[in-house]
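*Asks:* Residues per chain, in single letters:
Number of protein chains: 4
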Amino acid sequence: MLQKIKPKKFKLGIVGGGPGSWIGHVHRISSRYDDKYEIVAGVFSRSVDKSRKFGQSIGLDKSRCYSNYKEMSEKEAKRKDGINVVAIMTPPSSHQIIAENFIKKNIHVISDKPFAGNLEQGKKLYKAIKNNKKIKYALTHNYSSYPMVREAKNLVEKGKIGKVEYINVEYIQDWTDGNKISKTNSKKVFKWKVDKKIVGVSAVLNEIGSHAYHLAIYITGLKGEKLIADVSKYSKDVKMDNNAQVFVNFNNGAKGIVWTCVTAKGGVYGLRIRVYGSKGSLEWVQNDPNYLKFNPSKGAVKFLERGYTKANFSKKFSRVKFGHPEGYLDAFANIYKEFAEYLKTNTKKRFYFPNEEEGLETAKFIDACKKSSLKKQWVKI
Amino acid sequence: MLQKIKPKKFKLGIVGGGPGSWIGHVHRISSRYDDKYEIVAGVFSRSVDKSRKFGQSIGLDKSRCYSNYKEMSEKEAKRKDGINVVAIMTPPSSHQIIAENFIKKNIHVISDKPFAGNLEQGKKLYKAIKNNKKIKYALTHNYSSYPMVREAKNLVEKGKIGKVEYINVEYIQDWTDGNKISKTNSKKVFKWKVDKKIVGVSAVLNEIGSHAYHLAIYITGLKGEKLIADVSKYSKDVKMDNNAQVFVNFNNGAKGIVWTCVTAKGGVYGLRIRVYGSKGSLEWVQNDPNYLKFNPSKGAVKFLERGYTKANFSKKFSRVKFGHPEGYLDAFANIYKEFAEYLKTNTKKRFYFPNEEEGLETAKFIDACKKSSLKKQWVKI
Amino acid sequence: MLQKIKPKKFKLGIVGGGPGSWIGHVHRISSRYDDKYEIVAGVFSRSVDKSRKFGQSIGLDKSRCYSNYKEMSEKEAKRKDGINVVAIMTPPSSHQIIAENFIKKNIHVISDKPFAGNLEQGKKLYKAIKNNKKIKYALTHNYSSYPMVREAKNLVEKGKIGKVEYINVEYIQDWTDGNKISKTNSKKVFKWKVDKKIVGVSAVLNEIGSHAYHLAIYITGLKGEKLIADVSKYSKDVKMDNNAQVFVNFNNGAKGIVWTCVTAKGGVYGLRIRVYGSKGSLEWVQNDPNYLKFNPSKGAVKFLERGYTKANFSKKFSRVKFGHPEGYLDAFANIYKEFAEYLKTNTKKRFYFPNEEEGLETAKFIDACKKSSLKKQWVKI
Amino acid sequence: MLQKIKPKKFKLGIVGGGPGSWIGHVHRISSRYDDKYEIVAGVFSRSVDKSRKFGQSIGLDKSRCYSNYKEMSEKEAKRKDGINVVAIMTPPSSHQIIAENFIKKNIHVISDKPFAGNLEQGKKLYKAIKNNKKIKYALTHNYSSYPMVREAKNLVEKGKIGKVEYINVEYIQDWTDGNKISKTNSKKVFKWKVDKKIVGVSAVLNEIGSHAYHLAIYITGLKGEKLIADVSKYSKDVKMDNNAQVFVNFNNGAKGIVWTCVTAKGGVYGLRIRVYGSKGSLEWVQNDPNYLKFNPSKGAVKFLERGYTKANFSKKFSRVKFGHPEGYLDAFANIYKEFAEYLKTNTKKRFYFPNEEEGLETAKFIDACKKSSLKKQWVKI
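Protein chains in written order, with this note's numbering: chain A, -2 to 378; chain B, -2 to 378; chain C, -2 to 378; chain D, -2 to 378.
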């Protein structure tokens, strides 16, 4: 009897995010945030011993700590109390193959971004998701889950800034300086993040450029049509691209600039988007995420605050009252929370969390950037 | 065997924070954040039915949902698997009596602020805590758990701003406007929060002024010696005080101003502290909590960012990397996290979370404010 | 004929502001700004040679460079082309006696603040101004001439924030650190600014506290009724007061806090005012003077920009378009500009520049602060 | 005798900036600011009556108010007391022909930007300036005269941010909305500013894009080598371009983005530049011009304040003390002040005000933008 009243928690499996992983930590806290998941299985290392050691340290049963995702998907699928959802947080180039494996077993997927290592993988993954009506998919482009990003999306949908005309989005970081990022020097920092086999088609675009472009299409509901890109490297010593600057023409005629860079010294984690419409503009920056600047053509500049009057939409996605700031984890946890709610519905109708549609668009964007940069010409997306 | 590897979670009981309570929500998320507690018992209503209904909705066993704290303390104390820690989030005037009850049963206490409803209660509670060597106590003056507040405390301790000379702290809100706070009008908003039997000696000082003064003594390590206060009401229709302005002379000779108000229209949740020393100054505001302004006498103004170079101390209290903001819940959860770590030690040596020492100081401050305001004179604290 | 078309420039005499004076420089640029004055005479030193040398260097005729204000007032009054206006920028304690001298000769006065060295002087000066119907008087409490301060005053007058309930104003600086202020050490910096004979009744209040209080009464139109002050010294080595913290009760029942300090390390030139009314609040800071934060009880926070839609009032006092910042000199020059316009009218009806009424109020405030601080009690203003 | 001591003022003639002109007002105040010029002649209208009426209203002798620049240059050149300097503030396409006319008469030139209406004119003008060793030339790219822009230039020169790697500069405005800009509707606002015969090759680039690019090359000392641009119109109804987005490769290998737009709703007068080097970054925005953000790779972010410790270089270009803001006019007047000082030297060695070298570079940039946009390809600058 009690059982019925007790809130159903989804049984969650994890692939990746083992010892030392920052994003693993983020996913686990996010899954716990609203008490809607129970982590019961995982692959945390290719060594079964290491996987077990780590898994047990976070409370898993030894027998459900695996050393590879195939074994996990097979064994969990057979269990009566097997996982309902898998969360994938491995490097980009493995996202598709792992996700497909669980999709085949009718296990829902929460995947870390980017959607896939390259466009080819992205198309396959998209197909796999679409072809299995039983499973649902979420992609952790987490910045789109900040309440004031949702408020911005809503204002655009409601026509408050009119027709979108210009978009300017940038996500810049600095991975090169050992002093700032870590005690290791830049070579070490760059290690796996610039290995093509691991990260896929582009280092900077897969890693953070995908977030920037996603934010633009998420807020505006537009898609890019054409672009010209300049994707470049920081220095000869580095193997992969670290800077990308892109002009995008969107499908409603709007113009856009996307700048993403991981070697901008002093450009610490700067994610910022501005959308200019025919009736006003919006600006949001991650470093001050509880506010949205709304500058209507007529009237004074407004600073909308999360949860406050005139930002009512944001309340749905907030946990703490206005006046008290929310941060990165609150936004990340929104995806887990909403995915759980989504799983309880019988619909595949769009929820607010980022999904495979945007994932595929982002993969197309990255692919087009690489092609355009090579040809030094405008290309279709 | 497994049990040993499995991380020990403390068994947590809750008194207060039932349906509709915001702070209850905050405490529960905070206790879950770092996977160090398991909520197993609670009093959520004076009606046993309501308490059970709510308790079960958050996953408790029916038999451990109580309708009063005495019953809970007695029954839980007798269980082998009874609670180790109780979290109290009732109105101020009941903090002391409830806490004492659990202290007698050797159950550790995490209490919401203020320390007590008035100084008399505060002194009793302080004694009870001190007299029981087996129990430990934490007080959720949560703002002091923001990483950059800790950074500020550390900079003061390290002498980076020299001898503290001036302190200016303010915490102002606006409870009067139904439009902003809630759909209810001001009379409803003011209901229990201005009932002396419930809130204790002062509405504005117990509710938020205690936070402001706590922040000042927490960061500087000073204590107030003398003060003159003007504690006043918003209008004749209102029963309790809503504005307090105080000059404080601290025990090292520093001067200070404390302003706290819950009827400052447009003064939305503004918690801000500035500390000026003989070698420079510090400024922190809750609305932008990931930064600390440090203005040394010699040299340019610096904005220290949480987790970043030159703010290394803050890293210990951070979960996400610099560049990504943390918020209210991250700070609140630090108290739960640190209390769990504290419980595992054999020491009563000071940890960073706020405690009974500061609780008593804050109760003395509030008491002195009321007396000074009545006499219209400087009084000792 | 031509003469009639040519714009009339007022003939301006200057007392004070000789070589090395910063404020002298400010007054001279301000008088030139809008081409409404011609500097033709001055006292720049007690040595006639030095006065002539400096006067000639700024374009004056040798014969109109004087060594004392009495000689200047007498000789200029006798000339057909004598000065119409005198600008006084000597230390505070001499303001009254010099101004009176020129008033007797029917010469208009622009005086640097404070109104007088002490209240007794202030009352005499006020009488002298009022008794001579032929002359007009302006007091350079220059911060009140920033366009967005005028906008604030207008919003209060128009009832946009309702009845004023709380005022918080502060003006803090740091004179002590040779490194920041100048190459001289603190002792030198403090030299004349803390000599009672020169500065009058209070160092910190005459110098900058007068600005802070003036701003409060200028914007709100209120007067202080009662106050309690704590006026104190930085250290024993210093002769005069450098810190003053004051609670003021205003004549409409509003409460206020004034904090002014010249020894707040790292508190560089911070002039900031907030006014909370029954319908919303306003905030203005000198370091970002082209914006006024307006937080209405209902609706989002607005940042009104000088010269922009919804800040139309400010346009009257602006020279450059919105988007382009104005600064200290633009505001200071507004007083000179408006005084020239005022002189061309036949009215003594209030213009926007600060005047003797506010001057006297400010002198009363300073006097009351000193008395209250001595008695350690509330006093009438 | 006196004459020798009296400060020499340069005799200034003005072409353009008649009734209703905003920039005329700006130039006149700027010339008066530091008392180094006397306006004695001018062309304010093609109608001699109107020119005289306006000229006399600002204090000129009737006989020196002309109706065309040729007459003025000839007559003034013949007078013993003729003008030394001419200030040109006509629309862009006439800058070259007017300037050349005065250059031939050995009269120094201060010209409003852009350098010329198009590159062809720009090259001619450059030659004319270079060929006459007797005259000196200044170009009012006024933003480069803000003290903190100079500080930035100095920090780059001193190597404080290392080798420049990325530049991001934008200047965006909104001319379309009658409500914000003026009471006229957008068609009227767009009138002369989008007439090719008047403004030259590009509306947006000549008007404000030139400022943005100038700022980039002024601060960094770099020149653009290659670019790809997308120059576009706001709508079909509009005759000239209003948006330009450009990628620039600089001559040291640095990458850059220039965005300039006059139809960005809610994008009010936003001039902002960021320069990222191998050792840190700098950021300056016109709306907060007294501060420069300096983010060194190692250490905390610093906010350098004009005139303050560690921003000593800026002091040379400041009139008021740190803590007190300077604005647009202070910066504009720096050009007049420095040009006067420059005229007193016997050198053509670079001063800090903007000059013909940068003027020509900017004209090349604009020309390349137009070509690239037409070809949709990268072009050489």
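The set of hints was computed from the structure by calculation and includes no laboratory data. Any given hint could turn out to be false.
Note that the list lumps identical chains together, so a pair holds whenever it fits in one copy or between two copies.
As the list claims (entries may be wrong) - Here are the simulated lysine-lysine pairs, PhoX-like style, with alpha carbons at most 25 Å apart: (1) K72 with K5; (2) K160 with K299; (3) K252 with K367; (4) K252 with K307; (5) K220 with K47; (6) K220 with K101; (7) K236 with K101; (8) K220 with K361; (9) K252 with K193; (10) K313 with K295; (11) K67 with K233.
*Asks:* Each hint should be assessed against the structure and marked as holding or not.
*Replies:* Do the hints match the structure? See the list:
no.: 1; hint: K72 with K5; result: within (22 Å within a copy, 28 Å between copies)
no.: 2; hint: K160 with K299; result: both (19 Å within a copy, 23 Å between copies)
no.: 3; hint: K252 with K367; result: both (19 Å within a copy, 17 Å between copies)
no.: 4; hint: K252 with K307; result: neither (29 Å within a copy, 30 Å between copies)
no.: 5; hint: K220 with K47; result: neither (43 Å within a copy, 51 Å between copies)
no.: 6; hint: K220 with K101; result: neither (30 Å within a copy, 57 Å between copies)
no.: 7; hint: K236 with K101; result: neither (35 Å within a copy, 58 Å between copies)
no.: 8; hint: K220 with K361; result: within (10 Å within a copy, 35 Å between copies)
no.: 9; hint: K252 with K193; result: between (31 Å within a copy, 24 Å between copies)
no.: 10; hint: K313 with K295; result: between (28 Å within a copy, 20 Å between copies)
no.: 11; hint: K67 with K233; result: neither (39 Å within a copy, 58 Å between copies)
In summary, the structure is inconsistent with hints 4, 5, 6, 7, 11 from the numbered list given earlier, while agreeing with the others.
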